[in-house]
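Novice: Each chain is listed here by its residues.
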Amino acid sequence: MKVSKSACAGFILFTVCLITLAGCASINKHYDRPIELSETNLSNEQTHYYVILDELGPPAYISSLANGFAFQYETLQIDELQFGLSSDVDLLRWFKLSFGRAKLDRKVYTFVFNKTGYLQAYGEKQIKDDAGKGISYQFIVKVAQVVDTQYLEKVSPQHNWGFALLQPLPIALNREQSMDSGADGLEQRGTPNSIGQRTLEMHGER
Amino acid sequence: MVLILVSLFGLIALVGCATWESTKGVEALWRQPEHQQWNAGKTTTADVINALGPPSQIIALDDQNVFYYMQEKNTGKAYIFILWNKSEQAVYYDRAVFFFDKRGVLLKYAYSKQASGNESK
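Read top to bottom, the protein sequences are chains B and V.
With this note's numbering, the residue at position 139 of the first sequence is 139, and numbering never jumps.
With this note's numbering, the residue at position 103 of the second sequence is 103, and numbering never jumps.
These are computed hints drawn from the structure, not numbers from a lab.
Accuracy of the hints is not assured; some may be wrong.
Claimed, not checked - No more than 27 Å apart at the CA atoms, straight line, and that leaves these computed lysine-lysine pairs for DSSO-like: (1) V:73 / V:86; (2) B:125 / B:154; (3) B:128 / B:107; (4) B:107 / V:86; (5) V:77 / V:24; (6) B:154 / B:103; (7) V:113 / B:128; (8) V:77 / B:154; (9) V:73 / V:24; (10) V:86 / B:133; (11) V:42 / B:115; (12) V:113 / V:42; (13) B:107 / B:133; (14) V:77 / B:133; (15) V:73 / B:128; (16) V:113 / V:73; (17) V:24 / V:86; (18) B:154 / V:24; (19) B:115 / V:102; (20) B:103 / B:125; (21) V:73 / B:107; (22) V:113 / B:125; (23) B:154 / B:107; (24) V:113 / V:77; (25) V:24 / B:107; (26) B:154 / V:86; (27) B:107 / V:113; (28) B:128 / V:77.
All chains should be built: construct the whole structure from the sequences, respecting the hints.
Specialist: Take a look at the structure:
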């Protein structure tokens with residue numbers, strides 16, 4: 001059987017188009033270097049904060065507490081996998097329908113010290129969790145996240161500390177209770193604004 | 001044949017890659033060799049602030065003050081091959097903390113972990 005040149009070209013073109021109908025994307029985000037506490041002999045009232053600093057370096061957050069102070073270390077990894085579908089119809093071929101699912105790997109250490117700098121309590125938690133899923137319709141050559149993980153990617157409070165009083169009024173007026181000040185507690189990334197001191201900042205009202 | 005070439009060229013033309021990098025925060029002067037001479041019990045707040053400039057944050061603990069310096073580096077790269085796309089972003093922090101007593105004398109300091117490990121004294 002003799003296959004014509006045009007039929008061959010048509011077949012190849014069809015195959016190429018078929019392949020381009022589907023694709024996938026991987027989006028990875030890392031926040032801070034991995035931390036690992038090798039010192040296993042931590043004991044309350046005996047371990048000084050110097051030991052923690054020697055072991056883990058400066059914490060991500062430091063806060064004064066009523067009767068001492070606290071350190072918090074946090075690392076975060078967000079991995080999103082997307083599967084995209086496109087169409088071979090003229091205009092639609094430049095767009096894709098993406099289905100994405102994100103996974104979260106978070107590690108947190110919190111150390112609470114008394115006034116003299118000795119350990120009062122500490123906790124460690126590694127969480128591997130589902131960060132959500134989503135669908136979007138986007139340009140075919142764009143790699144954008146489908147799952148909204150912005151709430152986990154907040155700016156470090158140290159960057160904004162210098163202009164804290166220039167924030168919107170509900171935030172500035174409640175500076176004394178803010179967890180970004182280093183004077184009134186700690187929170188993990190992604191903690192909703194609708195609990196604790198953050199409610200005073202009226203995030204839902206603005 | 002022309003049609004095939006045009007199709008292939010079109011596909012290749014859509015392939016792309018990108019890299020980005022940004023820095024936030026204070027200059028990491030504590031990494032410079034001349035600024036590594038801190039002595040607990042001797043160095044004062046004035047020595048540190050003169051050498052490193054204003055800190056990112058000052059935290060008042062009960063009877064200690066903390067100078068917190070931080071530099072944030074955000075790097076990323078993306079590859080677009082239509083069939084398979086990949087984007088990677090890493091945000092790393094270089095930190096230095098100095099704990100002073102009520103008189104403003106250094107008690108303890110620590111730097112972030114680098115390839116060779118934490119540096120603290």
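Novice: All hints, please: hold or fail.
Specialist: Hints and how they fare:
Proposed proximity of residue 73 of chain V and residue 86 of chain V is supported: the alpha carbons are some 20 Å apart, at most 27 Å. Between residue 125 of chain B and residue 154 of chain B the alpha-carbon distance is near 20 Å, which keeps this suggested pair within the 27 Å criterion. With a C-alpha separation of about 9 Å, the suggested pairing of residue 128 of chain B with residue 107 of chain B holds against the 27 Å cut-off. This hinted pair checks out: residue 107 of chain B and residue 86 of chain V have alpha carbons roughly 24 Å apart, not beyond 27 Å.
Taking the CA atoms of residue 77 of chain V and residue 24 of chain V, the gap is near 18 Å; set against the 27 Å cutoff, the hint holds. Distance hint between residue 154 of chain B and residue 103 of chain B is fulfilled; the C-alpha atoms sit about 18 Å from each other, no more than 27 Å. Restraint check: the Cα-Cα separation between residue 113 of chain V and residue 128 of chain B comes to about 24 Å, which is no more than 27 Å; the hinted pair holds. The straight-line distance between the Cα atoms of residue 77 of chain V and residue 154 of chain B is roughly 21 Å, inside the 27 Å bound, and the hint therefore holds.
As the CA atoms of residue 73 of chain V and residue 24 of chain V are separated by approximately 7 Å, the hinted pair is consistent with the 27 Å bound. Distance restraint check for residue 86 of chain V and residue 133 of chain B: the Cα-Cα separation of roughly 18 Å lies within the 27 Å cut-off, and the hinted pair is therefore satisfied. Of the pairs offered as hints, the one joining residue 42 of chain V and residue 115 of chain B holds, with about 22 Å between alpha carbons and a cut-off of 27 Å not exceeded. For a cut-off of 27 Å, the pair hint linking residue 113 of chain V to residue 42 of chain V stands: about 24 Å separates their Cα positions.
Restraint check for residue 107 of chain B and residue 133 of chain B: the C-alpha separation of about 21 Å stays at or below 27 Å, so the hint holds. Between residue 77 of chain V and residue 133 of chain B the alpha-carbon distance is near 23 Å, which keeps this suggested pair within the 27 Å criterion. Using a Cα cut-off of 27 Å, the hinted pair residue 73 of chain V and residue 128 of chain B holds, with the two alpha carbons roughly 25 Å apart. At roughly 14 Å between alpha-carbon atoms, residue 113 of chain V and residue 73 of chain V fall within 27 Å of each other, so this suggested pair holds.
For the suggested pair residue 24 of chain V and residue 86 of chain V, the alpha carbons sit about 25 Å apart, so the restraint of at most 27 Å is met. Annotation: proposed proximity of residue 154 of chain B to residue 24 of chain V holds, straight-line Cα distance about 14 Å (limit 27 Å). Restraint check: the Cα-Cα separation between residue 115 of chain B and residue 102 of chain V comes to about 13 Å, which is no more than 27 Å; the hinted pair holds. Simply put, residue 103 of chain B and residue 125 of chain B have alpha-carbon atoms about 16 Å apart, close enough for the 27 Å limit, and the pair holds.
Straight-line distance between C-alpha atoms of residue 73 of chain V and residue 107 of chain B comes to about 20 Å, which keeps the hinted pair within the 27 Å bound. About 20 Å separates the Cα atoms of residue 113 of chain V and residue 125 of chain B, which keeps this hinted pair within 27 Å; it holds. Taking the CA atoms of residue 154 of chain B and residue 107 of chain B, the gap is about 16 Å. The hint holds against a cut of 27 Å. In summary, the hint linking residue 113 of chain V to residue 77 of chain V is supported, as the alpha carbons are separated by about 23 Å, within the 27 Å threshold.
Taking the CA atoms of residue 24 of chain V and residue 107 of chain B, the gap is near 23 Å; set against the 27 Å cutoff, the hint holds. Using a Cα cut-off of 27 Å, the hinted pair residue 154 of chain B and residue 86 of chain V holds, with the two alpha carbons roughly 23 Å apart. Note on residue 107 of chain B and residue 113 of chain V: the hinted pairing holds, with a Cα-Cα distance of about 16 Å set against a maximum of 27 Å. As the CA atoms of residue 128 of chain B and residue 77 of chain V are separated by approximately 24 Å, the hinted pair is consistent with the 27 Å bound.
The structure agrees with every numbered hint stated previously.
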